[in-house]
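Top to bottom, those sequences are chains U and Z. full-length UniProt numbering puts the first sequence at residues 1 to 174. full-length UniProt numbering puts the second sequence at residues 1 to 260.
It is worth saying that the hints were derived from the structure and are not from the lab. Computed from a predicted structure; not experimentally measured. It is possible that part of the hints are untrue.
[Said to hold, decoys possible] Going by beta-carbon spacing under 10 Å, a handful of chain Z positions derived as facing chain U:
1. Ser20
2. Ala22
3. Glu69
4. Asp127
Heads up, the beta-carbon is just placed ideally off N, CA and C, and yes, glycines get one too.
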Amino acid sequence: MRYNEKELQALSRQPAEMAAELGMRGPKKGSVLKRRLVKLVVNFLFYFRTDEAEPVGALLLERCRVIREEPSAFSISFIEDPERKYHFECSSEEQCQEWIEALRRASYEFMRRSLVFYRNEIRKVTGKVRAGLQRAGAGLQVAEAVLQSWLMATHPPHRTPWSSSAYPRRPGSS
Amino acid sequence: MALGSPPGPAIAAMKLNERSLAFYATCNAPVDNAGFLYKKGGRHAAYHRRWFVLRGNMLFYFEDAASREPVGVIILEGCTVELVEAAEEFAFAVRFAGTRARTYVLAAESQAAMEGWVKALSRASFDYLRLVVRELEQQLAAVRGGGGMALPQPQSLPLPPSLPSAPAPVPFLPSAPAPVPALPLPRRPSALPPKENGCAVWSTEATFRPGPEPPPPPPRRRASAPHGALDVAPFARLHECYGQEIRALRGQWLSSRVQP
Numbered sequence: 001m002r003y004n005e006k007e008l009q010a011l012s013r014q015p016a017e018m019a020a021e022l023g024m025r026g027p028k029k030g031s032v033l034k035r036r037l038v039k040l041v042v043n044f045l046f047y048f049r050t051d052e053a054e055p056v057g058a059l060l061l062e063r064c065r066v067i068r069e070e071p072s073a074f075s076i077s078f079i080e081d082p083e084r085k086y087h088f089e090c091s092s093e094e095q096c097q098e099w100i101e102a103l104r105r106a107s108y109e110f111m112r113r114s115l116v117f118y119r120n121e122i123r124k125v126t127g128k129v130r131a132g133l134q135r136a137g138a139g140l141q142v143a144e145a146v147l148q149s150w151l152m153a154t155h156p157p158h159r160t161p162w163s164s165s166a167y168p169r170r171p172g173s174s
Numbered sequence: 001m002a003l004g005s006p007p008g009p010a011i012a013a014m015k016l017n018e019r020s021l022a023f024y025a026t027c028n029a030p031v032d033n034a035g036f037l038y039k040k041g042g043r044h045a046a047y048h049r050r051w052f053v054l055r056g057n058m059l060f061y062f063e064d065a066a067s068r069e070p071v072g073v074i075i076l077e078g079c080t081v082e083l084v085e086a087a088e089e090f091a092f093a094v095r096f097a098g099t100r101a102r103t104y105v106l107a108a109e110s111q112a113a114m115e116g117w118v119k120a121l122s123r124a125s126f127d128y129l130r131l132v133v134r135e136l137e138q139q140l141a142a143v144r145g146g147g148g149m150a151l152p153q154p155q156s157l158p159l160p161p162s163l164p165s166a167p168a169p170v171p172f173l174p175s176a177p178a179p180v181p182a183l184p185l186p187r188r189p190s191a192l193p194p195k196e197n198g199c200a201v202w203s204t205e206a207t208f209r210p211g212p213e214p215p216p217p218p219p220r221r222r223a224s225a226p227h228g229a230l231d232v233a234p235f236a237r238l239h240e241c242y243g244q245e246i247r248a249l250r251g252q253w254l255s256s257r258v259q260p
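Hey, can you work out the whole structure from these sequences and the hints?
Spelled out as structure tokens, the structure:
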């Protein structure tokens with residue numbers, strides 16, 4: 001599959017949510033543990049040789065499972081092949097826990113679910129307590145407007161999202 | 001990599017979990033936009049008609065709508081989307097910053113389709129979604145704390161059931177109880193510019209922290225407003241505090257988009 005490698009490399013240089021030197025072992029049988037700088041940027045996990053500026057590789061973190069393997073080690077695997085694991089060894093249980101939590105939240109799909117969650121929670125509260133919220137009205141309207149257009153994009157009415165009728169016309173579009 | 005070094009074996013291309021990427025392209029996660037677009041092969045190349053699928057911050061393209069595997073993907077993080085003057089009608093461009101960065105010129109088949117794509121692609125970054133979710137998180141905290149009632153304790157967000165660990169993807173329906181985040185979002189490091197020489201920003205110790213303070217459990221439980229005593233602040237002041245934070249965040253995001 002072709003991909004824009006330069007842009008991915010540029011992304012690897014952006015500020016990271018988390019970065020640390022960890023032991024890393026690839027999924028192939030007989031892989032050796034290597035020291036790697038591991039860096040989490042948006043929904044990608046980059047790994048570098050410790051003295052190099054360009055990453056050895058990247059893992060897209062969608063549809064993945066992060067499991068604690070040992071008190072201070074975790075693995076990442078992907079839904080389509082759960083036995084194929086990337087192993088990481090941390091220097092402490094605490095560091096391991098931090099990474100597991102961060103990686104589980106590092107997907108676009110998780111962020112999407114958070115959006116719906118907060119929106120529903122806000123609806124629950126604003127549904128009940130309208131009177132006291134007039135001052136918050138403007139701010140909420142902005143958030144709701146953003147949400148509405150977002151939700152229209154992410155909740156197509158059809159089960160097969162590629163069918164042409166799955167995308168409702170936006171108000172104002174021809 | 002250094003200039004003047006003797007020619008040796010070529011540096012291996014960056015590895016990427018392409019199989020997983022291909023799976024993500026064709027799984028049942030929500031699709032943010034899909035349709036035929038013409039894609040220019042290169043600077044002087046012809047346009048090819050491809051089936052494009054936007055999911056998250058990935059723009060996949062297939063030979064046609066029935067293909068099982070994408071021909072390729074454009075990773076959209078950090079891009080800007082613009083209309084362009086081109087021989088093709090309904091053309092627009094996906095641009096990336098940096099020297100030698102490629103610009104993808106795409107053309108839709110109608111004005112409406114073009115507008116739809118430009119809108120969808122402009123909002124496709126993970127960063128943008130994170131900003132929206134943060135705004136909502138703050139709004140939720142604000143409306144929970146408001147209504148003229150006194151705030152006895154800082155409200156922590158309820159902890160919904162954690163994500164199921166079963167590998168089967170959960171079909172995502174708006175009305176179903178969706179798997180939800182167990183913890184509020186981690187703070188993004190606000191002042192970590194990439195180093196000049198492009199070397200990765202890293203730390204050997206576990207002293208690296210995503211924010212100025214050690215990660216508390218959970219961050220939003222402490223008052224996130226700039227001043228202390230939230231318990232007795234009137235709602236209007238609370239709202240103003242959160243509003244300022246949102247404006248600042250938005251300003252940051254907008255200006256970060258402009259930088260090369």
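Here is what the structure says about each hint:
no.: 1; hint: Ser20; verdict: holds (4 Å)
no.: 2; hint: Ala22; verdict: holds (6 Å)
no.: 3; hint: Glu69; verdict: holds (7 Å)
no.: 4; hint: Asp127; verdict: holds (7 Å)
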